[in-house]
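Chemist: Listed below are the residues making up each chain.
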Amino acid sequence: MFRLSSLSLGKALVIAETLEGKIVPATLAAITAASKVGPVTAFASGKDAAAAAEQLSKVAGVEQVLVASGDAVATGLPEELAPVVKTIVEKNGFTHVFAATSAFSKNLIPRVAVKFDMMPIADITSIQSEDTFVRHAYAGNVVSTVKSADAIKFGTVRGTSFERAATTGGNAAIVAVECSAALGKSKWIEDLIAKSDKPDLTTAAIVVAGGRGLKNAENFKLLDELAAPLKAAVGATRAVVDAGFCPNDMQVGQTGKTIAPTLYIGAGISGAIQHVAGMKESKVIAVINTDADAPFFQVADYGLVGDLFEAVPALTKLLKN
Amino acid sequence: MSLMYRPTAAQQMKVVVGVKRVVDYSVKIRVKDNKVQTDNVKMSVNPFCEIALEEAVRLKEKKIATEVIAVTVGVKKADDVLRTAMALGCDKAIHIVVPDAEAATLEPLAVAKVLAKLHEELKPDLWILGKQAVDGDFGSTPQLLAGLIDAPQGTFASEIAVADGKVKVTREIDAGRQVVELNLPAVVAADLRLNQPRFPNLQSIMKARKKPVDTRAIDKLGVDTKPHLATVKVEEPAARKAGIKVKTVEELFDKLRNEAKVL
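So the sequence lines, in the order shown, correspond to chains R and P. Just so you know, the first sequence maps onto residues 1 to 321 in the numbering used here. Just so you know, the second sequence maps onto residues 1 to 263 in the numbering used here.
Keep in mind the hints are simulated off the structure, nothing from the lab. The beta carbon of each residue, even a glycine, is placed where N, CA and C say it ideally should be. Wrong hints could be hidden among the right ones.
Unchecked claim - Quick partial rundown of chain R residues pointing at chain P, CB under 8 Å, derived from the structure:
1) Gln64
2) Asp249
3) Leu263
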């Protein structure tokens, strides 16, 4: 693991995210990213804070773990968490505050940054130096290198752009952080988590995705059947989520999830810029569409002009043999 | 120091909507000579701002909101978006005019500070902004504003319900959805599925052309809008190597397994 030569006085805080008691893989990528600018402290909060802290203390590259527990921060409300993070940053003199890009971090990071009158950098894909970062704009059509003049660099880091830090080899001390009573301007009511037995969309090696060509929710079963032998995750375009064929957690695109699997197979998807923005870093892209002029074929490594209702089951059959 | 919230007079609910004029989402953006080519391209209301406007107008139709004000921070031509806002049903429009040269580097942080300044003046019960602008893709302005005015935030909102001085927001999160309840004043960031925006009809558009817009220069607000980020370089992403067409599923399977070696 290399450090940029200009590291000298950098000190990074990574705000970790957990899901069902485990730190999310993207947080491990954020830790790698943060290591480029200086020693890394990881911060865990939420109802799984203790378990997360344990895991984080073993991650290679994490030198210290701070953990905040208690009712106020148990549900991840940014109104409660932002002041806690602010105090941590002030007390420890962090020069960089990162978190893996996600709904959680996008919700929190700007709210913390503004308390310091600093401009957060969204969805960093490369760290060039302690003050220079690369990100994308215009649905991924513009790659922008920006230099920040802020004393503390706040940013979210794209999980698919950095190697995940190893989950063993670390031996960090865990330090509890005090949290004051809840401010109470917001209240968590409930989480409605989509239950799925499929691999996580953002980390699966293979993703099978469907769009309007599937025509209805029922037909997504064809993709589930293709995904099974591949141990693939199933993704969707915005159009089919809007239409109610799939839940929102399956959406891939400019305003949904960004994925970069080894293999992406898209069926019945025209390939609008906004969808492509979320998956164009996939190593191999295969596209199945009846329309030979579908824009998606322009990014495909392998394009099959054909009817997905024949092609997908046929491919499933070939895989099972 | 947070602003003390005084609910607007009984039965009154003021909603302010932030609206941004952006390069239309369908434009194929090009970069040349270290510059994003935006001259003469089609401009539109940011899609998420359209959704924000629609939600505000619906609140008014349901007689929950008694006044809806649209605000834009942008170049002179951005008054277009305010005409659309008024055609859709906004009562008032405020245009914070930014000189063309400055507009190119105006950051979400600066916009949030401008909106926070307006918050002191307008004292709305609810801000509705789009969750992200499809040009910069920062997706931060609502959260920055909420932090500045110390208001709770409901981001990625796919449903909102206002009642008893609070707003219940259903948010789309990575694993599904979450419901939170926020005290007013609050900032809501509209996501795709919050609603399906209507098209303004021709008659409303014509009428809106005649309505006054409260126009102010950004440098008169006493807000620090200087950028914190300097753009060192912009370029188009590396093009993918051209792919091939296969004729059959068998051929696709063969290529994926034996050539790409991903199956």
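Chemist: Confirm or reject each hint.
Modeler: Now the hints, each set against the structure:
Annotation: interface hint on Gln64(R) violated; nearest CB of chain P at approximately 26 Å, more than 8 Å. Evaluation of the Asp249(R) hint against chain P yields a held restraint, the C-beta minimum of about 5 Å falling below 8 Å. Because the smallest distance between the Cβ of Leu263(R) and any Cβ of chain P comes to about 4 Å, under 8 Å, the interface hint for this residue holds.
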